[in-house]
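**Q** Following the hints, complete the assembly by docking chain G onto the known chain E.
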Amino acid sequence: MSLTQIGISGLQASQASLNVASNNIANAETEGYSRQRVYWYPTYTLHPGIGTKGTGVNASSVERIANSFLTAQMWESQSLAEKTATFSEYINSLDQWLGDDSTSLTSGLESFFTTLNGATVDPYSSAARQVILSESSKLAQQFTTLNNQIAGHQGLVGRQLEASVAEANGLLANIAGFNDQLKKISASGEAANEMFDQRDLAVKELSKLMGINVLEQSDGSINIYLKSGQPLLVGDQRNNLNVSGSASNPDGFSLEFESDSASLKVQGDPGGSIGGMLNYQNGTLTQAQNEIGRLAVVISSTINAQLRLGEDVNGNAGVDLFSDLTNPASGIFSLDVVSTAVSDMRITDSSQLKASDYDLRVDNTGNYVITRLNDGVQFSGSLSGAGTDTLSFDGVEIDINGAATDQAYRLSPVRYGARDLDAVLTEPFALALAAPGGGVADNSNLQTIIQLQNDALIEGQSSLTESYTRFIGDIAVQTSQAKTEADGGKKLFEQAEASRNAYSGVNLDEEAANLLRFQQLYSANAQVISVARQTFDSLLRMF
Amino acid sequence: MRISSINFNNIMLRAMQDSMARLAVTTDQMASGKRILQPSDDSVDTVKILQINNELTAIGQYEDNIDSARRMLQQQDVLYSGMTEQLRRARDIVLQSSNGTLTDQDYVPLAEELNTINQSILSLANYQQADGQYIFSGSLSTQKPVDEVAGDYSFNGNNNLRQVNISGSALVTVNESAENLFFDPTATPPTDSVFDALSDAVDELRNPVSLNTALSDALIWIDDTLDRVGIAQTKAGSNQSVLDRVGESHADIKLMMEKLHSSLEDIDMAKAATDLAQQQTLLNASQQVYANIKQLSLFNYF
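Residue numbers (numbering that gives the first Met the number 0), protein chains in the order written: chain E, 0 to 542; chain G, 0 to 301.
It should be emphasised that the hints constitute simulated quantities derived from the structure, not laboratory data.
For each residue, glycine too, the CB sits at the ideal point set by N, CA and C.
Check the hints yourself; a few may be wrong.
What the hints assert, rightly or not - Listed below are the simulated DSS-like cross-link pairs for lysine-lysine, each with C-alpha atoms no more than 30 Å apart in a straight line:
| no. | chain 1 | residue 1 | chain 2 | residue 2 |
| --- | --- | --- | --- | --- |
| 1 | G | 47 | E | 482 |
| 2 | E | 482 | G | 270 |
| 3 | G | 270 | E | 490 |
| 4 | E | 489 | G | 270 |
| 5 | E | 490 | G | 33 |
| 6 | G | 47 | E | 137 |
| 7 | E | 226 | E | 52 |
| 8 | E | 490 | G | 293 |
| 9 | E | 489 | G | 33 |
| 10 | G | 33 | E | 137 |
| 11 | E | 183 | E | 226 |
Stated by the list, open to error - Covered by chain E, per the in silico footprint, the following chain G stretches (three or more residues, Cβ under 8 Å):
| no. | segment |
| --- | --- |
| 12 | 5-11 |
| 13 | 58-70 |
Next up, chain E with everything else stripped away, as it sits in the complex (with noise of 0.2 Å):
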């Protein structure tokens, strides 16, 4: 082989590594390139054994530096950032709102309370019972816009979800794509290696938005499941997901998963922004709307109770100041359309209330198990197999019908109680404040209903205020451990993107050092052709 040939051999070779440094340099801020190397190796020699020469060197294949398990430590890692990420942005929200002084219902319950009290100086006073009234109003607005606060949520994050699904879909619809064209060009025994780099990009994207599991193959194609175990993609076989529900949904939005058999709902976690909005969603906002719920339906029930129980100026039995939201008719929900077995539900006895919807499952027997659904407790027994069935459990009742088999039903007894409710009385001489035969300035019954404010209404244990303090601080609690959840998953998510970075990244010092040897290396190489031709210069000089 001519020394000539060599030369050029190795021309061209550093002239490979100079382009590839180049490109590395081009692309050292492109988000998710690798860089890559220009692999050396010897051609072959002639006549090998005694008397071997070597024949130059070859710098065809250009390799990408990447490490599948640091890329899916990045990918895994950044679902939980975003999970925990997205979960802790909803809740601060909640958090900030239940602080804010202006429609914190504590102040709400306050006022009313500190405006019964003034009216024990004057119960006549037509003055102090409108004052009454307004201020049963205000409360009444201050559940329904909190209320109106955690639908507007369940709205927000139903939209965000459905925007979140459709990007989903289109990831997996560009990596299935990337997928085609990555079999055929390895079929091809061809290099595509910025194509691994964006196809490895979209789904970092799709690890925003869910868990994913993510198995290689050896065509270089990739298949993607979901973290429950459902093929997103296999091959370019690809299914969609879909939101399904709405925020007036017995469990609001859900998660679909859709093959071409069937859709069905994700069960379980399935991580990323998505799994943190749906934490949020079935979790805390599910809490928040069932706590606010029976703090409404316990402040109306106590309070018109006691008031039915005084006699208004004129000489009147009391009357209801809160509308009575003692028949919770728009929290029975069937679940499917052959559940029509559940006629009634009432509140008995609001002392007993939780703060929790409830599953009802009849089985093909007519044995009932009831699922209280924030703690898992159970009630169960069978129906009567006639009649009109009256089930009871934590201050409810419902009438069921003794005969029924395969029913599926969500209950929340309390879910829409600060929707609901409402002051309904508008005359203020009909304010029951007096005790029965007490005369139109006896404050009796109004020293009774005070009373209230301080009695351990909620589940015998705490006051209103005490509970709602509670719940603020329960909110609180999950919001600064929702955050310090988020800043671990972003530490983490940095510490293996950066892993990812410090073995796929480009280092720009490195490559000029690497544009300094290749150069060099060239000059050196057309040193070696210029010395082939001295050498056949001298020979053609001795004709």
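**A** What follows is chain G alone, placed relative to chain E:
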């Protein structure tokens, strides 16, 4: 460890973002003067603050109640003084009439004055507030407490006295009934009230038949009523001092609560200022480090 250029940028950017975020929190705290900007900043103290707010609001209402109760008691005090004055003048007239030296003619003006006094005490007993409610009819405040039908006086209210909360545990009575002041439910008509007794005395002075009996009955009723009014006035006075005492203790508790509230919620300005300076220095430092290190590059030597 190999550091890629993108790593390096990320590290520096994050350092600057973190410093900025901390700076933003401190700025927010200093601007609002509050250490706790939302409950999750300190859930334990938030709950304490809410409880304190609750108590402060309750105290505020009790203070309002104390003010209203004081106004009512002061007004009654004035009425009691008026009653006492009128009763004393009535006593003088009765004593003057019973000394035996006066002629029937002399009784005429005395009868007129005594009648006027009786009406005047009656009007004090039937005193109406600006909104039309009667003070001395118990909880039947829309009914005139003392009514006269054909020279016979009767009490139309009740003895249901109103109590007002002036603290979580203390109640104070803010009214009195005309029955307690002017009537004796155990006596038999027609002399079951000071009004009846005075009215009888007026009749006898105008047309003496058994003047002395009427006058001595009237004197007994006057003295008895002076005692009752005096007792009511003393009660109202001692109730006012209860109001004062409870009011003072509210003020003390309020002051303590406000201090506690401030110590829980308010920012320690000195500490915040130090923090701010430190955070500024940190941000500044990382910005400078970033700018300086950015200049370090092998490309500078090409």
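**Q** With reference to the structure, classify each hint as holding or not holding.
**A** Tested hints:
no., hint, result
1, G:47 with E:482, "22 Å, holds"
2, E:482 with G:270, "24 Å, holds"
3, G:270 with E:490, "28 Å, holds"
4, E:489 with G:270, "29 Å, holds"
5, E:490 with G:33, "29 Å, holds"
6, G:47 with E:137, "25 Å, holds"
7, E:226 with E:52, "57 Å, violated"
8, E:490 with G:293, "24 Å, holds"
9, E:489 with G:33, "28 Å, holds"
10, G:33 with E:137, "28 Å, holds"
11, E:183 with E:226, "29 Å, holds"
12, 5-11, "holds (count 5)"
13, 58-70, "holds (count 7)"
The earlier numbered hint that this structure contradicts is number 7, and it is the only one.
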